[in-house]
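Visitor: Given next are the chains, with one letter for each unit.
2 protein chains.
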Amino acid sequence: MIKFFEKDPYAPIQYVYDVEDILYKGKSDFQEIMVIKNPHFGNMLVLDGVVQITERDEFLYHEMLVHVVMHAHPEPRKVVVIGGGDGGAVREVLKHKSVEKVYFIEIDEEVIKVSKKFFPSVAGGVDDRRVEIKCMDGAEFVKNRDGDIDAVIVDSTDIIGFAKSLFTVEFFKSVKDSLTDDGMFVTLSESLHFHKDMVIEVQEAMKLIFPIVDLYTAPLATYAGNWWTFSAASKKHNLRDIKTEYRIDTKYYNDEIHRQAFLPPKVYEKLMQRKLQW
Amino acid sequence: MIKFFEKDPYAPIQYVYDVEDILYKGKSDFQEIMVIKNPHFGNMLVLDGVVQITERDEFLYHEMLVHVVMHAHPEPRKVVVIGGGDGGAVREVLKHKSVEKVYFIEIDEEVIKVSKKFFPSVAGGVDDRRVEIKCMDGAEFVKNRDGDIDAVIVDSTDIIGFAKSLFTVEFFKSVKDSLTDDGMFVTLSESLHFHKDMVIEVQEAMKLIFPIVDLYTAPLATYAGNWWTFSAASKKHNLRDIKTEYRIDTKYYNDEIHRQAFLPPKVYEKLMQRKLQW
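Chains A and B are the protein sequences, given in the same order. Numbering that gives the first Met the number 0 applies: residue 0 is where the first sequence begins, and numbers increase by one. Numbering that gives the first Met the number 0 applies: residue 0 is where the second sequence begins, and numbers increase by one.
Just so you know, these hints were derived from the structure itself, not from any lab. Wrong hints could be hidden among the right ones.
If several chains are the same, the list does not tell them apart, and a pair holds so long as it fits within one copy or across any two.
[What the hints assert, rightly or not] The calculated DSSO-like cross-link candidates involving lysine-lysine, where the alpha carbons are at most 27 angstroms apart (straight line), are: (1) Lys250 x Lys206; (2) Lys115 x Lys269; (3) Lys115 x Lys6; (4) Lys2 x Lys36; (5) Lys36 x Lys6; (6) Lys100 x Lys274; (7) Lys265 x Lys250.
A quick note: this is a predicted structure, and the numbers were derived from the prediction, not measured.
Model the full assembly from the supplied sequences, consistent with the hints where possible.
Guide: In structure tokens, the structure reads:
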């Protein structure tokens, strides 16, 4: 059997996958793009040697990334998705009927092209008439907007690497200014097992800018450390409350999961005081 | 760098660890026992090629295995720990002051010896005067008891393999008969990511015997599939409620985690109807 050894220098466990076939291998201006086929996970998108999505379980990540803030907002209409070139986050955003416009900001056009070809069930939504694709730096896009955005969703590669402009205080400030008063922001913030300090740093930086900042997790088998965190922020709404009146069709996310995903208060406090040891 | 490739034929991702040193390698009557040293996780106990515990994160598993049922019981006094030769479960049980007696039933004496030597902070409690060690099959031990046990805690190796006698309806019946009316039972039941059918089967089998059966999870980085499940059962107490009046000293488990760890009702129902897809 041919093997793929994931290349994640920051993970103390290396993940190895069986490879049935290499469906695509290329180099864009930004990164190496690869699509491999695995007997369990189906097609897998790999960027610079790190697994981004798999056909089998991408819904779990995309649902948890998108639907928490989209339900904490009373009626999200204009949404910005930064990264997520595979289209999965956009697909989930479009499930919300209130949505009128999605700015889909992916720096690497090649990822969109490859995803359309090898992950049609994921990337299918990007051609929706409500979606405007811009191949540019997400940090640039949110600068100097009019405060007309309801939700900014960051679906980048790992914090280490060229995505790091999306994890600065300056970026968080631009995001806040781009949002309406009901506005919401969410970004991945790595694994609670393997990158606890990074999680704390993202939370601390967001708290310098937003009055309400929170942290929720989801168990994701194909991301090193699995216990994946999402850092979310808002200007006035409690992120743990569901504000939308409608419910959407999902495989995993529901109102119970929404509430349960957040770190309990005492555990959150212990984490932020750097008293959680593992 | 020397590498250890975990040998778990049922996991679609293979985990690879750096090896600083091989501290022990031997063969008992039951299995191959190995202790390796990893730069991140410290000493790691490996049985038949599968990681059992690591110095760094064993507390997370042991706390979640032990403290949920031990707090759902109003006053646990006599406890049976089956497996868990490393001693971590026994250590956690002994934190409960109400405990007068722990029957520690480990089939493989060698695992206890090796753990005492290489994991003193884990195995330290097994010499406590309240602990009675019996090197025998746990399924045999619980047969024909007098209904005097408050909690049975199974900390075995994977369900596949020689531990399978601990996952039969017959065993669950013996456990129930060994318990007082307040009695509690908990066992590991593999990963919700990778072994969903096995989780369902354990739950179904336990429901044939116990009036109250429930399922909770914990995120464990060093077990393949990570999203680890624990199947718990009782004769009359709701497992989600905390009944003990005291609280104990833990690194992760607390009353918030106790409640949050259980699968939410709608998600649990979807799982058991085999409608959760991933």
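Visitor: Work down the list of hints and note, for each, if the structure agrees.
Guide: Outcome of the hint check:
Proximity of Lys250 to Lys206 under the C-alpha cut-off of 27 angstroms is restricted to the inter-copy arrangement: shortest distance 26 angstroms between copies versus 32 angstroms within a copy. Taking the shortest Cα distances, Lys115 and Lys269 never come within 27 angstroms of each other, neither inside one copy (43 angstroms) nor across copies (31 angstroms). For the identical chains of this complex, Lys115 and Lys6 are intra-copy neighbours only, at 24 angstroms inside a copy versus 36 angstroms across copies, given an alpha-carbon limit of 27 angstroms. Taking CA atoms no more than 27 angstroms apart as the test, Lys2 paired with Lys36 passes in both settings, with 11 angstroms inside one copy and 25 angstroms between copies.
For the identical chains of this complex, Lys36 and Lys6 are neighbours both inside a copy (17 angstroms) and across copies (22 angstroms), given an alpha-carbon limit of 27 angstroms. When the C-alpha separation of Lys100 and Lys274 is checked against a cutoff of 27 angstroms, the pair qualifies neither within a copy, at 42 angstroms, nor between copies, at 32 angstroms. In this assembly of identical chains, Lys265 and Lys250 lie within 27 angstroms of each other by CA distance solely across copies; the values are 12 angstroms between and 30 angstroms within a copy.
Comparing the model with each numbered hint stated earlier shows that hints 2, 6 do not hold.
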